[in-house]
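Q: Let's have the full structure, built from the sequences with the hints guiding it.
Each chain, letter by letter, is given below.
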Amino acid sequence: MVTNQLTSSKTMKRIIYIASFSLVLFSLSCCWLIYSPQYDPITVERLEGLKVEILILYDSFATESLDKAKADSILNGIAGMIEYEQRRKCNKETTAQLILIRGMLTDHINDRLSMVGSWQNEHLLNNKQNITEAIDGAIETERLKAR
Amino acid sequence: MSEIWEDFISNLRDNTGQMPKTEIINLVKDLSSDTDAFLKKQGEKLALYLNQLAEGKITPEQLEGYVKDINTLIKIQALKMGVKTKARARKFIRGITTLILKELLTKI
Numbered sequence: 001m002v003t004n005q006l007t008s009s010k011t012m013k014r015i016i017y018i019a020s021f022s023l024v025l026f027s028l029s030c031c032w033l034i035y036s037p038q039y040d041p042i043t044v045e046r047l048e049g050l051k052v053e054i055l056i057l058y059d060s061f062a063t064e065s066l067d068k069a070k071a072d073s074i075l076n077g078i079a080g081m082i083e084y085e086q087r088r089k090c091n092k093e094t095t096a097q098l099i100l101i102r103g104m105l106t107d108h109i110n111d112r113l114s115m116v117g118s119w120q121n122e123h124l125l126n127n128k129q130n131i132t133e134a135i136d137g138a139i140e141t142e143r144l145k146a147r
Numbered sequence: 001m002s003e004i005w006e007d008f009i010s011n012l013r014d015n016t017g018q019m020p021k022t023e024i025i026n027l028v029k030d031l032s033s034d035t036d037a038f039l040k041k042q043g044e045k046l047a048l049y050l051n052q053l054a055e056g057k058i059t060p061e062q063l064e065g066y067v068k069d070i071n072t073l074i075k076i077q078a079l080k081m082g083v084k085t086k087a088r089a090r091k092f093i094r095g096i097t098t099l100i101l102k103e104l105l106t107k108i
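Residue numbers (my numbering), protein chains in the order written: chain A, 1 to 147; chain B, 1 to 108.
Where hints are given, some of them may not hold.
Simulated pairs of lysine-lysine, DSBU-like, Cα-Cα distance not exceeding 30 angstroms [unchecked claim]:
| # | chain 1 | residue 1 | chain 2 | residue 2 |
| --- | --- | --- | --- | --- |
| 1 | B | Lys-75 | A | Lys-128 |
| 2 | B | Lys-41 | A | Lys-145 |
| 3 | A | Lys-70 | B | Lys-57 |
| 4 | B | Lys-75 | A | Lys-89 |
Which chain A residues stay away from chain B? Per the calculated CB distances, all over 10 angstroms, these [claimed, not checked]:
| # | residue |
| --- | --- |
| 5 | Arg-14 |
| 6 | Glu-45 |
| 7 | Glu-64 |
| 8 | Tyr-84 |
| 9 | Arg-88 |
| 10 | His-108 |
Residues of chain A clear of chain B, computed beta-carbon distances all greater than 10 angstroms [as the list claims (entries may be wrong)]:
| # | residue |
| --- | --- |
| 11 | Tyr-39 |
| 12 | Gly-77 |
| 13 | Ser-118 |
The hints are simulated quantities; they were obtained by calculation from the structure and are not laboratory data. Built from N, CA and C at the ideal position, the CB exists for glycine as well.
A: Have a look at this one:
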């Protein structure tokens, strides 16, 4: 009888131990889900759209005409994207990347605005490559969140 | 055989004799042969820009803009790769800023 009671007490302890351990694991998983960055296809779609718009703008910088209104509209679009990204949880990387992209784009626009002529072929290709790499970096970062 | 950009830097007139030409050449070479594909690409671009500068296809101001772009790209990559890469990336940002912006471009 005493042996039976001892055995059942040991079994109880084991069950409590396993239950506590499972609860801790469950809580940790919940925390990870809440506080880990989440993939957002809207962000990728917007970044891809932004890339196309900027490349078309840069092509126009190689001509005599300068569409300042279009450049301003793209910069406003990025401001909207930054606001959207700031509202997402655990998203400081993408937000910071967009701020860096805006900085690079602003420098390129100011470079063209300060010129008398248009961008020469090498300058156009170099700037296009750098802004493309910047936006692709942000797209890859967002895609990493899906893994 | 040395490349156009190497000769260009080596032959730059440096009245003060304080320009770290070897360090600049080594920085570009180190980056161009880095095992990390991203950093290697940035090094190759830097060499291309220096070639374009040597050939008169771009201006020193434009090169300055590209170096700034590379710094931005390294920061974007560091945000992507996390803390471990950040430390290494910072080392290259320091190198590029000090050697290219402060030493090379102020003396061209």
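Q: Determine for every hint whether it applies to the structure shown.
A: Now the hints, each set against the structure:
1. Of the pairs offered as hints, the one joining Lys-75 (chain B) and Lys-128 (chain A) holds, with about 18 angstroms between alpha carbons and a cut-off of 30 angstroms not exceeded.
2. Distance restraint check for Lys-41 (chain B) and Lys-145 (chain A): the Cα-Cα separation of roughly 24 angstroms lies within the 30 angstroms cut-off, and the hinted pair is therefore satisfied.
3. Between Lys-70 (chain A) and Lys-57 (chain B) the CA atoms are separated by roughly 28 angstroms; this keeps the pair inside 30 angstroms, and the hint holds.
4. Proximity of Lys-75 (chain B) to Lys-89 (chain A) is assessed by CA-CA distance (about 21 angstroms); at most 30 angstroms being required, the pair is judged to hold.
5. The Cβ of Arg-14 (chain A) lies farther than 10 angstroms from every Cβ of chain B, with a closest approach of about 40 angstroms, so its non-interface assignment holds.
6. The beta carbon of Glu-45 (chain A) is kept farther than 10 angstroms from every beta carbon of chain B, the shortest such distance being approximately 19 angstroms.
7. The beta carbon of Glu-64 (chain A) sits about 19 angstroms from the closest Cβ of chain B, which is more than 10 angstroms, so the claim that it is off the interface holds.
8. For Tyr-84 (chain A), the non-interface assignment is confirmed: its Cβ lies about 17 angstroms from the closest Cβ of chain B, beyond the 10 angstroms cut-off.
9. Remark: the non-interface label on Arg-88 (chain A) is consistent with the geometry, its nearest Cβ contact in chain B lying 15 angstroms away (cut-off 10 angstroms).
10. At the 10 angstroms boundary, the C-beta of His-108 (chain A) falls inside the reach of chain B, the nearest C-beta of that chain being 8 angstroms off.
11. Separation of Tyr-39 (chain A) from chain B is adequate, the least Cβ-Cβ distance of about 14 angstroms exceeding the 10 angstroms criterion.
12. Taking the minimum C-beta to C-beta distance to chain B, about 19 angstroms, the non-interface status of Gly-77 (chain A) holds against the 10 angstroms cut.
13. Chain B leaves Ser-118 (chain A) outside its interface by the beta-carbon criterion, the shortest separation being 14 angstroms against a cut-off of 10 angstroms.
In summary, the structure is inconsistent with hint 10 from the numbered list given earlier, while agreeing with all the others.
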